[in-house]
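J.: Each chain, written out:
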Amino acid sequence: MNAPFSPSRRDILKGTSALVVAFSLAGSRLEAFAQNAPAAAAKPVTPDQVDTFLAIDEKGAVTVYAGKVDLGTGVRTAFAQMIADELDVPFEKVSVIEGDTALTPDQGPTYGSQSIQNGGVQIRQAAATAKAALLEEAAKRLNVAKEDLIVTNGAIGARSSNQTVTYGELIGGKQFMLKLDPAAPTKKAADYKLVGKPIPRLDVPGKITGAFTYMQDFRVPGMLHGRVVRPPALGAKLTNVDESSVKQIPGVKVVREGDFLAVVADNEWNAVRAARELKSSWSKSETLPDEKKLWEHVRNTKIVKDDVTSNIGDTKAAMAAEGRKLSATYDFAIHTHGSIGPSCAISEFKDGKLTCWSASQATHNLRKQLAKMFSMPLDDVRCIYIDGSGCYGRNGHEDAAADSALLAKITGKPVRVQWSRADEHGWDPKGPPTLIDLRANLDTAGQVTAWEADFFIPQGAAGMVELVAASLSNMPTDTALSPGGIVQDSAIGYKFPNIKTVCRRLETTPFRPSWIRTPGRMQNTFANECFLDEIAAALNVDPLELRIKYTDPADTRGLETLKRLEKLSKWERRPSPQKNVTGNVVKGRGVSYVKYELVRTYVGAVAEVEVDRTTGDIRVTKFYVVHDCGQIINPAGVEAQIEGNVIQTVSRTLKEEVTFDRSMITSLDWASYPILRFPEVPEIVIELIDQPAEKPWGAGEPTAAVVPSAISNAVFDATGARLRSVPFKRDKVKTALQSA
Amino acid sequence: MTITLKVNGKSHEIDTDASTPLLYVLRNDLGLHGPKFGCGLGQCGACTVQVGGRAMFSCIMPIAAIGGREITTVEGLLENGKPNKVQQAFIDEQAAQCGYCIAGMVMRAQSLLQTNPKPTEAEIRQHMRPNLCRCGTHAAILRAVKRAAAA
Amino acid sequence: MRFRQVIFGIIAVVLLAVIGGYAWTWRPALAAISANQKPAADKQAVRLGAELAAIGNCADCHTTIGGTPYAGGRAIPTPFGTIYASNLTPDPETGIGTWSEEAFRRAMRDGVDREGRQLYPAFPYDHFTKATDADIHALYVFLMSKAPVKNSIPANQLDFPFNYRPIVAGWKVLFLREASLEPDPGKSAEWNRGRYLVEGLGHCGACHTPRNALGAERRNSAYAGGVAEGWNAPPLNAASLAAHRWTVDQLAEYLSTGWHKLHGAAAGPMADVAKNLGQASDGDVRAIATYIASLSQQPRTANNVPPTPRDNFVKNVSPEVAAIYAGACANCHNDRNDVGPSKAVSLGFSTAVRQADPSNTVRVIMHGIHAYQTNGGPYMPAFDGILTDRQIISLAQYVRARYTDQPEWTDVKKEIDKARREGVRP
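Residue numbers (the numbering used here), protein chains in the order written: chain W, 17 to 756; chain P, -9 to 141; chain F, 1310 to 1735.
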């Protein structure tokens, strides 16, 4: 019943062991090119070595080792494009290995729209270093000046003669033994042939024909299927397990370690049934706040520190000065990642060493966490990435990994743990609730004189998120809150004379937090860009015009983004809300804009909406996005990311909210946590601004930041009702309509 | 109990509990990984296959219920080892991000085009409604279905 | 059809009533109003009217699938043929744009249109006649505030003699009581408010009260259970089959959300009712719940566990249906009496499974529950096609035997065929 894993994966693993077993004395660069150099050395994974990132075999095939992984974003293809272009080898000759702690460098977790910007750029620098060395060596071999050389399809030739030497001949199968040179020259923008082109993704055909192997498809010989049985309440203690309740299901074993409860079976359906039918008793536990008073709870949570993210001028004095004062409170509900495929992992203990296959976006971190959990040396743990269902942040993959490792340890066999839908919705870490107070002062001349903001958000940054299995079984784990870099985009880029933005860091938050796509930036930008719209309405000016007015005149790329957005969306300059609206279903448009984290990708967006004034239902009909992420590696990939950001965030904005009672989350499936379906998907119009001579920036997140505010502003334009609480569900919309 | 299933044109003898949903048999006994486990509740469509020529959730279809009906998975759409019209349109439109939902999407679209070769945009959206995507590939999927209909 | 014979048997009575009643029910045409005589869209009145229209479920009949709300045109099947709901938007040619408030009030109370023509009682004026002037005013202002939609309504397709409009006059003589409700001073204000809404605009009896051969509600069997679009509208009186006695709190939650954990999900036409009541004020929903709960007051102890199954159920079960239940149903419907995925309740709580006929159980199995898919709520996949008819029959009997103490159903197949003919609600 266990299908073999795919040939490519098996080859990789075989190759791996060969590489790992082979050993070489470290040599100088000259040795690397010498005839008798060893075929393979222990592959380094430290980021200062070229060999960490690249290998070229005898046939000239290039292998890229990436610490960043492809979460369905297409970065595998983008890496191949960048490296093939930099080395001047055919695109087909490049393959990419990702997220294997034994083979790939720790480039940090795959988050924050940094895969290209940091990960890809680092690998490109390794390729540039390698290429310089290869050219130097070729110049010696061919006895020509380095400047006389030209590379075509992995072959170095001299312009002055017809001699050539290939990469394969120069380095094939050997290590470069080179330090990565941060100053090695990369190609000029005009010389790129693959970068900037919509190269079709390497993984797409296999995904569409069913041949692609996901983590959920991967199998290890002799493995058992595990299913966890989680407590019905957070903090509940397991008081009794009735193993006889599943004795009629063949091949089932019940595993208990503290409050960690699971079943294993050799047949997957038997494991599913056993988990469903196992009778267990748990202590009563009511640790959660009253859902109806969530925002009071957040406001009353102890503040452990204030992070002042911007402090310009003197807002205290400016707010006290004469003028029209505006203030508003915004909130953004608790969200789940909501992967379509619940988390899955396989672990195996062999000879005291742990191998764990998972779709973790941070295998190097997972390795540290598993080593800590089992009190093992780091070197005895290997974590290997296999593509899973899209995760959009730190979801349940690491927890499924810990579940499987614990079960493998206890049963002595490889164990595959597949989470159920309820496990995923109930136990993945959540995007924390975000509460934001905003204040502004407008003088009589119509100028914004002060902007103040308080963001009530949990303490912590991006780190190691507590592992559920470790906590339930009382094994060592990290317990600090790790909500991600959620202070980002609390500060604003608009040129008001007095600005103060403060993140009031809370001691606790109701659920284990983690970063979800566009963490903090999405929530913070929602409040900032809506409040800016409130200011525009108060001043009776066009909201796009107000943004242009307060953008730094030196920020030409920002201004260009806004200008192009105005044209693309056929924006009509006038104040919101629009006048003389009749009928039950009313239309409006809203604008939003961000310079991501104030330092990178520019996104401007216009949403067009229809609001049914009777039911309170909102339909987002059209979405315009203008996007500048610097040098574009693959425009098709960037467009796919923008479309995905828009659709996922429209869903988050209109529909999504984790619900709970005093014991546990109650939104445990797609019926209780609905997301956008096909009939509700807006038409999306995108304009990319390519900057081939600039640095490439991220595209996986920034668009999400502007979506909620663009929709809220459009609803205001249509109805005069201001929506300050995500999601914009019927009841809230109707209440807002009544007070409009 | 032993049940005979006809999958992608071939008969298979399956010896397993009759309550087992078709999805687990396809994935574990037959090694067909196109159909995916997404919810096990008939809510998301990642497990969509054709049974008796109609798109169905294989995660809530016990093999006891199948009888003699023929089953087609996304692997069974290949024609002489090549992507069929619908699959090719998805590839041409690059209609996959993480791609976990996509085999189910292809199967759902295949069923639509079998019964309604020239659907309108509204018909496509309504027909695809049972299937969820989280990456937000919907726009590309809609383009792919239209491309397949036009091919 | 026996039904027909009954009708023709009493046709003489009807004719007499028609002739005698024609004069009594005759109404003159009222003057058309012009566009500038339309009422001002007073915000308060519009809001109140919208809530009352939701309680009255007006949009359910007066909107086609996917059409503009209140623009009419939906085909309403009746035992006498098909009636097409009229256009309630203020379009002067095809809607009510030329109707004065007096004309609108007269339609609600007396069942005649602006030109004095008889309206068929598919439009439940036998209930609406109880609405107050103030409420009718709010409804009128609300409807007149809508954007006019030009939508010509097809002619009704009724069998003889029902295609002859004046015959309605006879029906009115027999069944229409144009009297307002006097509050019962012995009852609470909430109960009286509930009665007013339930008996009036809410027209709950239109589905939940059985009807006679002429399609009128049988007054002496009020709320004893009826039919609605092929679905069984369960009794709301002492004959209620609910496994748990409905409390006011439970009803209020069920009516406004379409679901309660001890009763399950509203399905079929009731799903629309709950969706509409979700738009009404909490106070009105609670009043409705108070009155409805009072209908089934009975000296019965609250039985908060489902009844034990029929004792012969195990020996009659085929391995096939048990496997189908385990593989297709048990992931959501568990036996722990708690709520499963998709907000599924234990089937021992299901009124549908306890009813005397299998119509609701069959329809839910075949078509699933989708009404709340957009905004969250109970869900069930459609099993028509996943399961064959034979499997649906055995599954229906299986859950009946396993989860109730009621006898086996007869002729489940007939209900399957009927449900398929009637099609799926979107």
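Hints are not guaranteed to be accurate.
Derived DSBU-like pairs (lysine-lysine); straight-line CA-CA distance at most 35 Å [unchecked claim]:
#: 1; chain 1: F; residue 1: Lys1722; chain 2: W; residue 2: Lys750
#: 2; chain 1: P; residue 1: Lys(-4); chain 2: F; residue 2: Lys1722
#: 3; chain 1: P; residue 1: Lys(-4); chain 2: W; residue 2: Lys638
#: 4; chain 1: F; residue 1: Lys1722; chain 2: W; residue 2: Lys308
#: 5; chain 1: F; residue 1: Lys1723; chain 2: W; residue 2: Lys745
#: 6; chain 1: W; residue 1: Lys75; chain 2: W; residue 2: Lys203
#: 7; chain 1: P; residue 1: Lys(-4); chain 2: F; residue 2: Lys1459
#: 8; chain 1: P; residue 1: Lys108; chain 2: F; residue 2: Lys1570
#: 9; chain 1: W; residue 1: Lys341; chain 2: F; residue 2: Lys1723
#: 10; chain 1: W; residue 1: Lys269; chain 2: P; residue 2: Lys108
#: 11; chain 1: W; residue 1: Lys748; chain 2: F; residue 2: Lys1727
Between beta-carbon pairs, the in silico distance windows are [what the hints assert, rightly or not]:
#: 12; chain 1: P; residue 1: Gln104; chain 2: F; residue 2: Glu1717; range: 50 to 56 Å
#: 13; chain 1: P; residue 1: Glu111; chain 2: W; residue 2: Leu575; range: 53 to 59 Å
#: 14; chain 1: P; residue 1: Gln104; chain 2: F; residue 2: Asp1591; range: 45 to 51 Å
Here are some, though not all, of the chain W residues that point toward chain P, as calculated from beta-carbon distances under 8 Å [what the hints assert, rightly or not]:
#: 15; residue: Thr229
#: 16; residue: Val271
#: 17; residue: Gly354
In case anyone wonders, no lab produced these hints; they're calculated from the structure.
Idealized CB from N, CA, C, for every residue including glycine.
J.: Now, for every hint given, state plainly whether the structure supports it.
T.: Hint-by-hint comparison with the structure:
Note on F:Lys1722 and W:Lys750: the hinted pairing is violated, with a Cα-Cα distance of about 45 Å set against a maximum of 35 Å. For the suggested pair P:Lys(-4) and F:Lys1722, the alpha carbons sit about 28 Å apart, so the restraint of at most 35 Å is met. Restraint check: the Cα-Cα separation between P:Lys(-4) and W:Lys638 comes to about 45 Å, which exceeds 35 Å; the hinted pair is violated. Among the hinted pairs, F:Lys1722 with W:Lys308 is inconsistent with the structure: their alpha-carbon atoms are about 47 Å apart, more than 35 Å.
Among the hinted pairs, F:Lys1723 with W:Lys745 is inconsistent with the structure: their alpha-carbon atoms are about 41 Å apart, more than 35 Å. Between the alpha carbons of W:Lys75 and W:Lys203 the distance comes to roughly 24 Å, so the proposed pair stays at or under 35 Å and holds. A threshold of 35 Å between alpha carbons decides the hint, and for P:Lys(-4) with F:Lys1459 the separation of about 54 Å lies outside it, so the pair is violated. Proposed proximity of P:Lys108 and F:Lys1570 is contradicted: the alpha carbons are some 43 Å apart, above 35 Å.
Note on W:Lys341 and F:Lys1723: the hinted pairing is violated, with a Cα-Cα distance of about 70 Å set against a maximum of 35 Å. Pair hint W:Lys269 plus P:Lys108 does not hold up; C-alpha atoms about 52 Å apart against a cutoff of 35 Å. Of the pairs offered as hints, the one joining W:Lys748 and F:Lys1727 is violated, with about 41 Å between alpha carbons and a cut-off of 35 Å exceeded. The hint said 50 to 56 Å for the Cβ distance between P:Gln104 and F:Glu1717, and at roughly 39 Å that hint is violated.
Distance hint check: the CB atoms of P:Glu111 and W:Leu575 are about 36 Å apart, inconsistent with the given range 53 to 59 Å. Checked against the given bound of 45 to 51 Å, the beta carbons of P:Gln104 and F:Asp1591, roughly 48 Å apart, stay inside it. Proximity of W:Thr229 to chain P holds as hinted, the smallest CB-CB distance being about 7 Å (cut-off 8 Å). Against a cut-off of 8 Å between C-beta atoms, the interface hint on W:Val271 is violated, since the closest Cβ of chain P lies about 21 Å away.
The closest approach between the C-beta of W:Gly354 and any C-beta of chain P is roughly 5 Å, which is under the 8 Å cut-off, so the hint is satisfied.
Checked against the numbered hints above, the structure breaks hints 1, 3, 4, 5, 7, 8, 9, 10, 11, 12, 13, 16 and satisfies the rest.
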